[in-house]
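Visitor: Position chain B against the provided structure of chain A, taking the given hints into account.
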Amino acid sequence: MLLFLPVAVPFLTAVLVLLARRSLPAQRAISLLGAGALVIVAGMIVARVLHEGPVAMQAGAWPAPFGISFVADPLSAALVALSALVAFGAIVFGLADVTADEERHGHHALTHAMLAGICGAFLTGDIFNMYVWFEVMLISSFGLLVVGGGAAQLDGAAKYVGLNLIATVAFIAGVGLLYGATGALNMADLHGRLAGRTMETPILVSAAFLIFAFGSKAAVFPLFFWLPASYHTPSFATSAVFAALLTKVGVYAMLRVFTLVYDIDGTAIQTLLLWIAILSMVVGALGALAQATMRRVLGFGVISSVGYMLLGLALASPLALAGSVFYLLQDVVAKAGLFMSAGLAQRSAGSEAFGSAGGLWRAQPWAAVLFLAPALSLAGMPPFAGFWAKFALVKAALSAGGYGVALAVLGVGLLTLLAMAQIWNAVYWAAHRGEAAIRPAPASMLAPIAGCAAALLVAGVLAGPGLAAAQAMAAGLLEPEAYLAAVLGGGE
Amino acid sequence: MEVTLALLAGLLVASGAYLMMSGKLLPYLFGLTMISNAANLIIFSSGRLSYADPPLVAPGQKAVAAGAANALPQALILTAIVIGFGLLVFALTLTYRSFYVLGTVELDEMRVAEPPEAEGRG
Chain A
1 MLLFLPVAVP FLTAVLVLLA RRSLPAQRAI SLLGAGALVI VAGMIVARVL HEGPVAMQAG
61 AWPAPFGISF VADPLSAALV ALSALVAFGA IVFGLADVTA DEERHGHHAL THAMLAGICG
121 AFLTGDIFNM YVWFEVMLIS SFGLLVVGGG AAQLDGAAKY VGLNLIATVA FIAGVGLLYG
181 ATGALNMADL HGRLAGRTME TPILVSAAFL IFAFGSKAAV FPLFFWLPAS YHTPSFATSA
241 VFAALLTKVG VYAMLRVFTL VYDIDGTAIQ TLLLWIAILS MVVGALGALA QATMRRVLGF
301 GVISSVGYML LGLALASPLA LAGSVFYLLQ DVVAKAGLFM SAGLAQRSAG SEAFGSAGGL
361 WRAQPWAAVL FLAPALSLAG MPPFAGFWAK FALVKAALSA GGYGVALAVL GVGLLTLLAM
421 AQIWNAVYWA AHRGEAAIRP APASMLAPIA GCAAALLVAG VLAGPGLAAA QAMAAGLLEP
481 EAYLAAVLGG GE
Chain B
1 MEVTLALLAG LLVASGAYLM MSGKLLPYLF GLTMISNAAN LIIFSSGRLS YADPPLVAPG
61 QKAVAAGAAN ALPQALILTA IVIGFGLLVF ALTLTYRSFY VLGTVELDEM RVAEPPEAEG
121 RG
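So the sequences go chain by chain: A and B.
So in the working numbering, spot 262 of the first sequence is number 262, and the numbers just go up one at a time.
So in the working numbering, spot 87 of the second sequence is number 87, and the numbers just go up one at a time.
Only chain A is shown next, with the shape it has when bound in the complex:
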């Protein structure tokens, strides 16, 4: 039962919010309570996984591989917990950011429905069920994108919807071909059936479809164009949740499917993933340098970060994968912090555009310092968590003889630092240009940003246990014996 709660709690919250649609205070209270309950449920799952190792539960008590399995291994449990925390922070942030009009049109209900989809995708052990959770997440994010109804939002949404629907079709076609070749959908079952068959034509075609589908959702090069078209258009709280979680679901699906289901070690798929990862890193960082509003810089930063997360999968050594997993986890927090900082800048200075924002260092030095923590973590500067993730990736690349890869990681880190410095100069350091005075920062906006900054600092200073946990998660991906035993050996 426990593993189904991260899906059930947000759905229930969404329904309750809809029932309370006449009263905005009631909507906000239910939304906050629901997110709080999700944090507690996620905490219980983490405690159970820490205690017992991977846990599996079968829907309707149909034994695997006939029923649909839900599985929490260390990586899934950590991602569900981080998603719950970030969503809670974003809802607190949204109290001052999301307009009453957006709330009246269903902002809270859609946020929780999207959370249900995200948690379901992280926990499911069945590849068709993963498709369903992707769609739950996608349709809710469509709604969140247009809930404000502005021209830019509709324009961004048209591109987001159009390009993501192609990925959806590729996903279902890949799953269909995989089922035709193996007769299985349960990922643990597929692991056994696909052993040694990766190079057969139907299997390779299904893998190509799935790389396209997950790559589009993760916004890798060259499938990322929907992201910079849309992520800067909705409310900042929505942007923060999108940037922190949505692309991560695509990355998680890649990590899970291309370790557990397909054995890609030494195949051309690995080479393809390596190029995708490096080109995403470089193109994202260069794109960020060419933008002139805070959220558009950060949007290209999302693409660049996804490259780092796939690099470990392409290098496939335990240390590289641990580096990618650690990067993935810290990036959830860093992206939430950065997009919420952009929201605070917009509210305080009246603009997030480089030409018209400014003066925030003088007016709100603490908020400016809180922006620096995720910004420097993104660029890979010590003492923040991002430094250790990149350190592990560079070390893994060097020990595999990939000097070019290591150079790309370090060079892109430098470009990212430059992009963050541009934000710092234009929005925080430059003199205030607007006519209206700078508004004070509300506590409900500062607190979630401070939480993100503190988490990144703690994870960076106490990196030892964090990296050890990431190594355990990576080992669970590379050697899934405990996962397989939990799913196929009974369960509840």
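Read the hints as simulated data drawn from the structure, not as lab findings.
We put the CB at the ideal spot given by N, CA and C, even for glycine.
Mixed in with the good hints, there may be bad ones.
[To be verified] Sample of chain B residues at the chain A side, in silico, Cβ under 10 Å:
(1) L8
(2) I35
(3) I42
(4) E114
Guide: Showing chain B alone in chain A's frame:
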């Protein structure tokens, strides 16, 4: 039978791709619908097409008899059709609303979110 379905799926993908490259939002969505139907045909053929017996469990038996049809791909297609229908309705509504607010559904003219002059450091 498989060959017929494969040709049909190829035809659907080709016409769908042609429509999607027209540069207008509405034909784009129609093309996408065609391609998603091609994907449904792919799943359908993955269940092996044959004159099989209906997948019903006879009285007193615990499983379907050998040679029964595989019902799972059809269940998958059903799910995919339902999801695809919901997504299409949303996308059509979005198109209508975009036309209402932006005054165009020509994709090259929809540059509100990414205005061309903002691409440099203007």
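Visitor: Each hint needs a verdict: does it hold in this structure or not?
Guide: Here's how the hints hold up against the structure:
1. About 14 Å separates the beta-carbon of B:L8 from the nearest beta-carbon of chain A, more than 10 Å, and the hint is not met.
2. Satisfaction of the interface hint for B:I35 is found here, the shortest Cβ-Cβ separation to chain A being roughly 5 Å, below the 10 Å cut-off.
3. For B:I42, the interface hint holds, since its Cβ comes within 10 Å of a Cβ in chain A; the closest pair sits about 5 Å apart.
4. Because the smallest distance between the Cβ of B:E114 and any Cβ of chain A comes to about 6 Å, under 10 Å, the interface hint for this residue holds.
Of the hints listed earlier, the one the structure fails to meet is number 1.
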